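Given only the sequences and the hints, what does the whole structure look like? Please build it.
There are 2 protein chains.
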Amino acid sequence: MITKFLLPEDRIPTTWYNVLADLPKPVPPMLHPGTREPLTPADLAPLFPESLIAQEFSTEAEIDIPGAVIDVYRQWRPSPLVRAHRLERSLDTPARIYFKYEGVSPAGSHKPNTAVPQAYYNKQAGVEKLTTETGAGQWGSSLAMASAYFGLECEVFMVKVSHQQKPYRRALMETFGATVHASPSVLTDAGRAALAADPDASGSLGLAISEAVEAAVKSGGRAKYALGSVLNHVLTHQTVIGQEALLQMELAEDYPDIVIGAAGGGSNFGGLVLPFLREQLRGGRSVRALAVEPASCPTLTQGRYEYDFGDTAGLTPLTMMHTLGHDFVPPSIHAGGLRYHGMAPIISALKDLDLLEARAVPQTACFEAGVLFARNEGIVPAPESTHAVRAAIDEALACKESGEARTILFTLSGHGHFDMQAYTDYFAGKLKD
Amino acid sequence: MITKFLLPEDRIPTTWYNVLADLPKPVPPMLHPGTREPLTPADLAPLFPESLIAQEFSTEAEIDIPGAVIDVYRQWRPSPLVRAHRLERSLDTPARIYFKYEGVSPAGSHKPNTAVPQAYYNKQAGVEKLTTETGAGQWGSSLAMASAYFGLECEVFMVKVSHQQKPYRRALMETFGATVHASPSVLTDAGRAALAADPDASGSLGLAISEAVEAAVKSGGRAKYALGSVLNHVLTHQTVIGQEALLQMELAEDYPDIVIGAAGGGSNFGGLVLPFLREQLRGGRSVRALAVEPASCPTLTQGRYEYDFGDTAGLTPLTMMHTLGHDFVPPSIHAGGLRYHGMAPIISALKDLDLLEARAVPQTACFEAGVLFARNEGIVPAPESTHAVRAAIDEALACKESGEARTILFTLSGHGHFDMQAYTDYFAGKLKD
Numbered sequence: 001m002i003t004k005f006l007l008p009e010d011r012i013p014t015t016w017y018n019v020l021a022d023l024p025k026p027v028p029p030m031l032h033p034g035t036r037e038p039l040t041p042a043d044l045a046p047l048f049p050e051s052l053i054a055q056e057f058s059t060e061a062e063i064d065i066p067g068a069v070i071d072v073y074r075q076w077r078p079s080p081l082v083r084a085h086r087l088e089r090s091l092d093t094p095a096r097i098y099f100k101y102e103g104v105s106p107a108g109s110h111k112p113n114t115a116v117p118q119a120y121y122n123k124q125a126g127v128e129k130l131t132t133e134t135g136a137g138q139w140g141s142s143l144a145m146a147s148a149y150f151g152l153e154c155e156v157f158m159v160k161v162s163h164q165q166k167p168y169r170r171a172l173m174e175t176f177g178a179t180v181h182a183s184p185s186v187l188t189d190a191g192r193a194a195l196a197a198d199p200d201a202s203g204s205l206g207l208a209i210s211e212a213v214e215a216a217v218k219s220g221g222r223a224k225y226a227l228g229s230v231l232n233h234v235l236t237h238q239t240v241i242g243q244e245a246l247l248q249m250e251l252a253e254d255y256p257d258i259v260i261g262a263a264g265g266g267s268n269f270g271g272l273v274l275p276f277l278r279e280q281l282r283g284g285r286s287v288r289a290l291a292v293e294p295a296s297c298p299t300l301t302q303g304r305y306e307y308d309f310g311d312t313a314g315l316t317p318l319t320m321m322h323t324l325g326h327d328f329v330p331p332s333i334h335a336g337g338l339r340y341h342g343m344a345p346i347i348s349a350l351k352d353l354d355l356l357e358a359r360a361v362p363q364t365a366c367f368e369a370g371v372l373f374a375r376n377e378g379i380v381p382a383p384e385s386t387h388a389v390r391a392a393i394d395e396a397l398a399c400k401e402s403g404e405a406r407t408i409l410f411t412l413s414g415h416g417h418f419d420m421q422a423y424t425d426y427f428a429g430k431l432k433d
Numbered sequence: 001m002i003t004k005f006l007l008p009e010d011r012i013p014t015t016w017y018n019v020l021a022d023l024p025k026p027v028p029p030m031l032h033p034g035t036r037e038p039l040t041p042a043d044l045a046p047l048f049p050e051s052l053i054a055q056e057f058s059t060e061a062e063i064d065i066p067g068a069v070i071d072v073y074r075q076w077r078p079s080p081l082v083r084a085h086r087l088e089r090s091l092d093t094p095a096r097i098y099f100k101y102e103g104v105s106p107a108g109s110h111k112p113n114t115a116v117p118q119a120y121y122n123k124q125a126g127v128e129k130l131t132t133e134t135g136a137g138q139w140g141s142s143l144a145m146a147s148a149y150f151g152l153e154c155e156v157f158m159v160k161v162s163h164q165q166k167p168y169r170r171a172l173m174e175t176f177g178a179t180v181h182a183s184p185s186v187l188t189d190a191g192r193a194a195l196a197a198d199p200d201a202s203g204s205l206g207l208a209i210s211e212a213v214e215a216a217v218k219s220g221g222r223a224k225y226a227l228g229s230v231l232n233h234v235l236t237h238q239t240v241i242g243q244e245a246l247l248q249m250e251l252a253e254d255y256p257d258i259v260i261g262a263a264g265g266g267s268n269f270g271g272l273v274l275p276f277l278r279e280q281l282r283g284g285r286s287v288r289a290l291a292v293e294p295a296s297c298p299t300l301t302q303g304r305y306e307y308d309f310g311d312t313a314g315l316t317p318l319t320m321m322h323t324l325g326h327d328f329v330p331p332s333i334h335a336g337g338l339r340y341h342g343m344a345p346i347i348s349a350l351k352d353l354d355l356l357e358a359r360a361v362p363q364t365a366c367f368e369a370g371v372l373f374a375r376n377e378g379i380v381p382a383p384e385s386t387h388a389v390r391a392a393i394d395e396a397l398a399c400k401e402s403g404e405a406r407t408i409l410f411t412l413s414g415h416g417h418f419d420m421q422a423y424t425d426y427f428a429g430k431l432k433d
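For the record, the sequence lines run as chains A and B.
Under the UniProt record's numbering, the first sequence has 56 at position 56, and the numbering climbs by one with no breaks.
Under the UniProt record's numbering, the second sequence has 150 at position 150, and the numbering climbs by one with no breaks.
Hints listed in this document are in silico derivations from the structure and should not be mistaken for laboratory results.
Predicted model, so just to flag it, every value in this text is computed and none were measured.
Don't take every hint at face value.
No copy is singled out in the list; a pair is fine if it fits within one copy or between any two copies.
[Stated by the list, open to error] Capping the alpha-carbon separation at 35 Å, the derived lysine-lysine pairs in DSBU-like fashion look like this: (1) K430 with K400; (2) K432 with K123; (3) K4 with K25; (4) K432 with K218; (5) K218 with K25; (6) K123 with K400; (7) K218 with K400; (8) K4 with K400; (9) K218 with K123; (10) K129 with K432; (11) K218 with K4; (12) K129 with K218; (13) K25 with K400; (14) K432 with K400; (15) K432 with K25; (16) K129 with K400.
Laid out in structure tokens, this is it:
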């Protein structure tokens, strides 16, 4: 009985996968927020180094992972693919449940997969400082860690409700040497405007992005901005998850009928799913791809597919995506990483092409699943990850009903060690759906 | 450049190592607290199942690991042995630094190595419930997890100062389904007596042990007690760490000149060190074994080697060990797992035999080392583990001074995700030495 399917370091993938090379029709281009003309690489130069901009516009299928990035990945990658034997027995299901566990990274989630290359490329370009936003703190702590590795300063705008709910995430970022501000802050025009409108504003990812972008643009070239999800290059970096999972399913002598991920901005979901969709798009085995989002922020299931801003203040390019509107402020649910009004253009296009399914689930059902998972598999999932756990359990229960022995694979994108207040609130009956 | 030395699941050791088989002279027996006669297995029957009592008295070198225990170990074992390349470069040392990372267990520390077999053997014996104490919460959460796996109830007496400082550790235990009380509590005679003497008592491990033992003894046979360190069988279970590390040092084509562990009760330290000492005791390579303890609870460096109780109330057997006195209440340092007045009899005997070195370090120096480690290796060490990090760094700096390329191996016994308040206090200058 094998439980975890491990690969040695020398099988860390040497390329990321860019799904733009294989899509049946192109993803609509981003538009300049001022001219509404298709965005050019030059338009992004104030925000990102050239190498990342090139990746953002690339339609090459394979993008080389730099050796210096692989050298950092070595510490925890390839991450384990684990067979959830005890959970299966507890559900009494004929399904086989596997999870790809990204919580083994030092920052505790999948986010370092892109934080490390982003820090590396910025360092190569002579950038001294990175600015960013963070919701639950997974992205901020990952970029803080990667910045420490490459000797960069790091300034994080943290959505105020998370800043209050998760002081230990903040402490983690500070341990890595980052500077952390609650957003909205008084440090930017966007933040001051939000505070003027509502001094008690709990913040949103969209607003924190506005602040971080503004801080980079006004740095006089010292600082660039780093985004933890949504953009093409971010999703591409995350495909290291699925690239490994394909090799590990081979080791397991199995193949998923369904691949599942929680979807906030789309990078965790895309990271697992895109390499499996490549196989399908190129004539290989097809797979059900299921994106799971919170019922309180139902971007893919209820948003409109149209051009919208990525941030609240309208500083970012316009992106064709599923969106609830850039001024949508989602309720203060504990899955802070899923509180985003939009969705990655790649994921949105796949949804539009009927290449994936989406499902919205209420948060109490997610925590119920998280507790069941913890009592069987030991790992307490991050609130974001409980969305994938919920869907995986529901699919396994459907298999029990139908008697089908399907293979279910999901990303457990992170652990919940910095989110225990959420579990405390769940047990106390304080969570609302 | 290899960073982590991994073993596949089928190389999880199948035996634990019992150093009592190889010691040059026997460890003095425990004494009955009433009669002061050498303890018999029957004396321990109210507390532990027969199988664990047999292990406690065994002098066999190899103890079989049950298959059901290995099946649980599979989820995270063999744990990685990691070469700290970035830390080495940052210190500019010729030393090679390796750490055996036990924080990959779902509970985040080495403690499940013994929690899982203890839960298993109790379940086999028909026990329905386990009682225990916990300091920082690493042990309590590990036993809570193991109890959930084997369908046992779990009741934890948590030292009050930790109960207050670490609410999220408590939430973790509750997520696993355990019941948690602050100790001293009003639930036991020992707790009530302590509260009568000082209503504001911050508690100690010794007192929490008294409470947990009392709760088991008065359960009418439903419950047994589980101890997370000190006892022979606990140290034996932890040797899975060193058994693996020996194989992994072979993979690395290297061998440690010095092995280092933090020492509270002694099980983390013994877990790594004992298999290396076996090689030495049997005529193989010798190794410096260094136990690191807090300056504020200097059991090995300043305690007396004499018979003493393991708990405050004098309910446990008398044990020949290094002790600060069973009524010693250490200051409320953040390394709660190291706040214990005594030391494992095996470790105490090794110290008496000059088979190991001991060193006491102040906590601010430990946190300084923890931050340096985090900024280079990403992992934020538990406060307990920073003691080993401090000593490893100091040994590496000594190598820089002398120009010697020694090999240093330490256990990073757990991560500090539930201890971020300690780092916050450290940065705020609030920690005292």
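Verification of the supplied hints:
no.	hint	result
1	K430 with K400	within (32 Å within a copy, 55 Å between copies)
2	K432 with K123	neither (43 Å within a copy, 38 Å between copies)
3	K4 with K25	neither (38 Å within a copy, 42 Å between copies)
4	K432 with K218	neither (40 Å within a copy, 41 Å between copies)
5	K218 with K25	neither (37 Å within a copy, 72 Å between copies)
6	K123 with K400	between (51 Å within a copy, 29 Å between copies)
7	K218 with K400	neither (57 Å within a copy, 43 Å between copies)
8	K4 with K400	within (23 Å within a copy, 40 Å between copies)
9	K218 with K123	within (19 Å within a copy, 63 Å between copies)
10	K129 with K432	between (39 Å within a copy, 34 Å between copies)
11	K218 with K4	neither (47 Å within a copy, 41 Å between copies)
12	K129 with K218	within (12 Å within a copy, 61 Å between copies)
13	K25 with K400	neither (38 Å within a copy, 59 Å between copies)
14	K432 with K400	within (29 Å within a copy, 57 Å between copies)
15	K432 with K25	neither (40 Å within a copy, 63 Å between copies)
16	K129 with K400	between (52 Å within a copy, 31 Å between copies)
Violated hints, in rising order: 2, 3, 4, 5, 7, 11, 13, 15; the structure is consistent with all others.
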